[in-house]
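S.K.: Residue numbers (the working numbering), protein chains in the order written: chain A, 1 to 624; chain B, 1 to 624.
Calculated from the structure, these hints are not laboratory results.
One or more of the hints may lead you astray.
As the list makes no split between identical chains, a pair holds if one copy fits it or if it spans any two.
With a straight-line Cα cutoff of 25 Å, these simulated DSS-like cross-link-like pairs (lysine-lysine) come out [said to hold, decoys possible]:
hint: 1; residue 1: 601; residue 2: 622
hint: 2; residue 1: 601; residue 2: 497
hint: 3; residue 1: 497; residue 2: 507
hint: 4; residue 1: 240; residue 2: 273
hint: 5; residue 1: 465; residue 2: 220
hint: 6; residue 1: 601; residue 2: 530
hint: 7; residue 1: 465; residue 2: 273
hint: 8; residue 1: 458; residue 2: 189
hint: 9; residue 1: 220; residue 2: 273
hint: 10; residue 1: 140; residue 2: 273
hint: 11; residue 1: 497; residue 2: 465
hint: 12; residue 1: 607; residue 2: 465
hint: 13; residue 1: 189; residue 2: 240
hint: 14; residue 1: 601; residue 2: 248
hint: 15; residue 1: 530; residue 2: 189
hint: 16; residue 1: 530; residue 2: 465
hint: 17; residue 1: 465; residue 2: 622
hint: 18; residue 1: 273; residue 2: 537
hint: 19; residue 1: 622; residue 2: 607
hint: 20; residue 1: 530; residue 2: 497
hint: 21; residue 1: 248; residue 2: 537
hint: 22; residue 1: 507; residue 2: 273
hint: 23; residue 1: 220; residue 2: 530
hint: 24; residue 1: 622; residue 2: 240
As the structure is a computational prediction, the values presented were derived from the model and not from experiment.
2 protein chains.
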Amino acid sequence: MNVLNLLFGKPLANSDERGEQVGPLAGIPIFGLDALSSAAYGPEAALTLLIPLGFLGVHLIVPITTAIIILLVIVYASYRQTIGAYPQGGGSYTVATENLGTGPGLLAAAALMIDYILTAAVGISAGVGALISAVPSLQKHTLGLCLLILIVLTIINLRGVHDTGVAFMIPTYLFLATLLIVIGVGVVKTFAAGGHPTPVVAPPHLPPAATAISLWLILKVFSSGCTAMTGVEAVSNGVKAFREDTVKNARLTLTIIIALLIILLAGIAFLCKWYSIGATDPNGPGYQSVLSQLTSAVMGHGIFYYVTIASILLVLSLSANTAFADFPRLTRAIALNDYLPHVFFIRGRRLLYSWGIGALVFLTGLLLIIFGGVTDRLIPLYAIGAFTAFTLSQAGMVVHWLRNRGELGWRIRAAVNAIGATATGITTLVVLVAKFIDGAWITALLVPLMILLMVAVKQHYRHVKLNTMARASINTDNIQPPLVVIPVDRWNRLSEKALRFALAISKDIIAVHVESGLGDQSICAEWENKVSEPLRKAGLPVPQLVDLHSPYRFILGPVMDFVLHQEQANQNRQIAVLVPELVVTHWWENLLHNQRANLLKVLLLIKGNQRILVINIPWYLKGH
Amino acid sequence: MNVLNLLFGKPLANSDERGEQVGPLAGIPIFGLDALSSAAYGPEAALTLLIPLGFLGVHLIVPITTAIIILLVIVYASYRQTIGAYPQGGGSYTVATENLGTGPGLLAAAALMIDYILTAAVGISAGVGALISAVPSLQKHTLGLCLLILIVLTIINLRGVHDTGVAFMIPTYLFLATLLIVIGVGVVKTFAAGGHPTPVVAPPHLPPAATAISLWLILKVFSSGCTAMTGVEAVSNGVKAFREDTVKNARLTLTIIIALLIILLAGIAFLCKWYSIGATDPNGPGYQSVLSQLTSAVMGHGIFYYVTIASILLVLSLSANTAFADFPRLTRAIALNDYLPHVFFIRGRRLLYSWGIGALVFLTGLLLIIFGGVTDRLIPLYAIGAFTAFTLSQAGMVVHWLRNRGELGWRIRAAVNAIGATATGITTLVVLVAKFIDGAWITALLVPLMILLMVAVKQHYRHVKLNTMARASINTDNIQPPLVVIPVDRWNRLSEKALRFALAISKDIIAVHVESGLGDQSICAEWENKVSEPLRKAGLPVPQLVDLHSPYRFILGPVMDFVLHQEQANQNRQIAVLVPELVVTHWWENLLHNQRANLLKVLLLIKGNQRILVINIPWYLKGH
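Whole structure, please, built from the sequences with the hints as guidance.
M.R.: In C-alpha cells:
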C-alpha cells in the first residue's frame, strides 16, 4: 500500500469530496487545455493544406479563421446556456438523452467517447511531434515517447483532480503568457510599420502557387482548421467539479477559455498574413512549425523563443489531460444508465472513476500503437465525434427550451441553440465528407459498433434485473434443511469436520466415496466403527455411505453425476455439497496436493443449478 | 475429448490392465532399446578419445571392450537375481531402500531420476546428431528437431505401453538384424582372408600417433565406453509390465538383451581392429561415424548401407523411450513413499502415470534447451547416475541375501552381488573422477539437491498426516448450527435465496450491509417491510440487519473485519458466511458484474480460520 500511496496519494474519504473541487484559475488548465492547445495545431493543419496556393493561401487563412471563430462564438453561446440548464453536468450525452431520446443519446455517447480517446492520442502525439521537430534524433523513439507520456499522465491523474490542477497550471499559463506577448508585440510592430513589419528573423520564402483555388480545397482547409474547436464541450460536462457557485464558476471559466482561444486564433491568422508566414512541408527537410516561424519573426531567436517553444511542447502533450478529466465522467454517466459496465461508476481510492481512466488509457495506448504515434494519421479521424456531439447537444437544448416555454427569454435561447445546432450540423457533414477517405470512415464505422455494444450491455442488465428483482416480500414457504452430500476420500479430520457441520444443519446426509478399484481399501468398516456406531450411541442421525465405482479412475465425474441425480430425485429440495478443503500455509505446498476440491467447486458452479449449493469446509494446516 | 481420443487413444478401464502387459518379443524394444542402441554411441565415444593414439588406439579398443563386457556380465548376473527376488519390480530404489535404508534409497532415487532424464536427452540428441551427419544442412535446426522428436515420443507414450511396443518393434528388430548381418559377414570375410580382410569401401586412413599411451587416458576411454551399459537396469524396474509368468519373461528378456549387446559390442570392437577403423573428429570436415565406416567397409555402399544407417538413426532417437517406460514407474514408487508429490501415483486415462511422463518431458526438454541438443555436451553428465544406482542396488542385494540366509545357494548369490557391487562401485568412482571437470560435477551437485527436495516433500506429507489424522471416533460434542453472516448488497432474489437457506440451517442470522455513503439508499425500510415483518408473521426467527459504514468506499474489508470480529465474540461456534453469487451464461458477461463474490470467497479462505466456513449460494441467470 505504501507504493500505491506514494504514486497515487493516500485514499480519500467521501467527506474529502469538497476539497477536490476547483475554481476558474485551476479550471482553465483542467478543462481548457485541450481547447487552448489546439491553437497550436489547428491553424497549422489549415495552413499545411494551403501550401499549394502559395502567397494566396496565407491571405485565405484570415477569412477561414474568421469563419471558425464565428462558429466558435455560436457554440460558446450554446454551451453557456447548457451550463445554466444542467448544473449537475450537462454533457452532450445527458442533454441529448434527456431531450431527444435514447437513440440520439447513444449516438452522442459513442461520438464523444471516440473523440475523447482521440483527444488524448492526438494531444500526446502532437506534443511528441513538436519535440521531435526540435530534436530530430528522437524520431525513432516516437511511439515509445508517446507511451511514456501516457503513463506519466495516468499516474498524475490517478492522484485526483486537485493535484492535477496544480501540476498543469504553470505550463498552461506560461503558454498563454508567451503566446499573448508574441501576438501583442507583433500587432504593435505591424501598426508601427504601417501594416508591413520587418521580421527579426525572416521566415522561409513562400513557394509559388501550384494549384488554383477551389471550393473543395477551402472545405478541406476549413475541416482541418475545425480541429481547433475540439474540447470546447469539456467545461459543460464537468460543471460538478467546480466550487460553489458551480454554474457561475463554470460559465466564467468557459468564457475565459473561449476568449483566449479567439485571441490566439485571430492573432495567429493576422500575424501570418502580415509577416507572410505559411506552413512548411512537415515531411520535407527544413520543416519548421508555424508558431516557431512566427515567434522568431516577431521576437527573434533569443531566450524568449526557446521558452515559448518549450511551453508549446509541454502544453500540447499535456492537453491530453482534458480527456482524462472528462472521459471517466462521461462513462460514469453512461454506466449509470446501464449502457456500460457498472464498474465505470465505482469510485476508486482517490474519489476518481478509476475504471474510466483505465479504459481511456488502454484505448489511447491501442490507438497510439496502431497509428505509430503519428499525428498526421490521427487527425482525419478527429473532430467528427466532437461536432456530432455539439450538434446533438444543441438540438437537445432547442427541445429543452420548447419544453420550458414559461421561462424568461426562452425564445431567444431556443434561437441561439437552433443556430448553433444548424451551424455545427452542417460542419459535421462538411468534415465527414472532406475527410472521409483519409480516415473519417473509421470513426463512421466505430460509432454504430459502439452503439450496438452499449445496447447489448443494456439488454444484459435489464435481463439480470428482471431475473433477480425482489418479490413483494420474502417467501416463507418450504424452508427446510437441505439434503447434504459429502464427498469423502478417506476418514480423517477433514471429513470429520465436514460431517460435524452437516449434522449441525441437516438430518439427511449422504457421504459419497469413489472406489477407483486400484487397491485402495474400502472405508466401509472404518466408517461403521468410527462414525455410524458413535453417532447411534449419541442419538444423532446416522449418515448414509454410498460407494461409487469408477472403472476409468475418474473421481469428479461420478460425484457430479451423483449430485445431479439426487437433485432430480429430490424435487423442491436444496442439495448442499460439502467440500472439505486443505488450506496450506505456503502457496507452493499446493503442488503437493491434488486440486480436486477446487475443481469440484468449479464444476458444481458450472454444471449445477438453482438448487445445488456448495459449502466449503476449510481445514487450516498448522504452520511447521 | 475427441481430439484427446485421437491423439492418446480412448480411456482404459482398470479391467483393461492385463491387456496392457507384454512378453519378451515386445519387451525387448520397450526395455532394451536404451541398452541396445548404446552400442551405436558407446564404442564411438571410446574410439573418439583414442584418436590421438592413431593405429595403437584401434588395437586398444578390444581389451577395453572386453573389460566393459566383463562388467556387463557381472551386472547382468546381479540383476537376474534381483528380478527373481523382487517380482513386483525391483528397481535400484526399491532394493536400496528395503535393504540399505532410507538414505541410500534416496541416493539411488536421485541418481536414477537424473539418469533417466539424461537417457531421454542423450538418446534424442544422438539420433538427431546422426541424422545431421547424414544431412548436414539440418545442423541449424538441431534443437528444433530434438524438441520435435520429444513431442512425438510424448504422444506415442501417452497412448500406453502396448501401443508403444508395436511402434518400436519394427525399427528395433531392423536395427538388430542389419547390424548382426554386418558383424556376421565381417567375421566370415575376416576368417576367409586369414585375418586381413579387404574393405569394400576403404575407411579413412588412421592419423599418426600424437600422444603416448597413459593410464589416465585409458580410464577416460573406459569411462566413455561405459555409457554403453546404461539402460541395463530397465527390465528389473519394470517386471510388473510383463505377462505371466512375469519373472520368467522378465529374465528371458534381460538375457536376450544382454546377449545381443555383448555380440554387438564385441563384434564392433573386433571388426574395428581387423578393418583398422578408428573414429573421425566429430567437429572436423569429412566426419563419418564408426558404424557408417564399418558398414561400408564390410557391405559396400549399396541399398543395405542406407537401410542400416536409417535403422540406426531411428533406433537412437527412439532409445529415449526406455526413459518414458521407466521414469514414471520410478517416480510412482518414490511418491508412494511420500518423497514426491502424490500426483505421481495417480493413473491417467490410459492406465499410465501421466504426471511422471509430464515431468520427464519437461525436464528433458529443459536439458535439451540448456545444452542446445548437442550429445557431446551431455555425455559427461551421463553414466554416473546409472553406476551409482547399479552399486546401491547390488549392495542392497548382498544385504538381502544375508537376511535370507536360509535360502538355497544364498552364499553364491551374495557373492555374485558383492562382486557386482564392488566392480560397479569402482567404476562409479572412475567415471566421476575422469569426467568431473567435463560435466560430471553437475550431476554430483544435482543429486544432493534432489535428495533435499525429496526430504522436504516427505516432511510436508508427514506434517499433513499428523494434522489431519482421524480420531478414534467422531466427536459428537457441541454439534450446533452455525452463526450465519450474509453480506447483502441490496434486497433482491439473490439475497432472498441466501436468507431462505440461512433460515433453513440456523436461528442466528446477521445480514451485513455496507453503506458506502455515496447516495445509495439505505435498505433499512425495505428490509423491515419485505423481510422482518413477513418473517415475524410466519413465526420464523428474524435476522439482525447490521449497517457498516465505509468512508473509503471499500466493501470487502469491512465485511471481513465484521466476520473476524464475530468469530472472536463467539468462541466454540462456527461462523458460516453465505456468499450470494450471480452465475452468468457466457463468460464475457462476467465483465459486466463486479467480482466481489469471488474476491470475498478468496479473502475468507486466506484470512479465515478453522471456524469460518463459506457457503456459496449461486443464482443462475436464465438464458436470453
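S.K.: So, for every hint listed, does it hold in this structure?
M.R.: Hint check results:
1. 601 / 622: This pair counts as both: shortest intra-copy Cα distance 24 Å, inter-copy 21 Å.
2. 601 / 497: Both: 18 Å inside a chain and 19 Å across chains, each within 25 Å.
3. 497 / 507: This pair counts as both: shortest intra-copy Cα distance 16 Å, inter-copy 21 Å.
4. 240 / 273: Intra 42 Å, inter 98 Å, cutoff 25 Å: neither.
5. 465 / 220: neither (49 Å within a copy, 80 Å between copies)
6. 601 / 530: neither (27 Å within a copy, 32 Å between copies)
7. 465 / 273: neither (62 Å within a copy, 90 Å between copies)
8. 458 / 189: neither (61 Å within a copy, 90 Å between copies)
9. 220 / 273: Only inside one copy: residue 220 and residue 273 sit 20 Å apart there, 91 Å across copies, limit 25 Å.
10. 140 / 273: neither (35 Å within a copy, 66 Å between copies)
11. 497 / 465: between (38 Å within a copy, 15 Å between copies)
12. 607 / 465: within (23 Å within a copy, 33 Å between copies)
13. 189 / 240: neither (44 Å within a copy, 104 Å between copies)
14. 601 / 248: For residue 601 and residue 248, the Cα distance exceeds 25 Å both inside one copy (58 Å) and across copies (49 Å).
15. 530 / 189: neither (105 Å within a copy, 79 Å between copies)
16. 530 / 465: Answer is between: at 18 Å across copies they meet the 25 Å cutoff, but 49 Å inside does not.
17. 465 / 622: between (44 Å within a copy, 12 Å between copies)
18. 273 / 537: Answer is neither; intra-copy 106 Å and inter-copy 87 Å both fail.
19. 622 / 607: Close across copies (14 Å), not inside one copy (34 Å); limit 25 Å.
20. 530 / 497: within (13 Å within a copy, 36 Å between copies)
21. 248 / 537: neither (82 Å within a copy, 56 Å between copies)
22. 507 / 273: neither (94 Å within a copy, 86 Å between copies)
23. 220 / 530: neither (89 Å within a copy, 64 Å between copies)
24. 622 / 240: neither (53 Å within a copy, 40 Å between copies)
The structure is inconsistent with the numbered hints 4, 5, 6, 7, 8, 10, 13, 14, 15, 18, 21, 22, 23, 24, although it conforms to all the rest.
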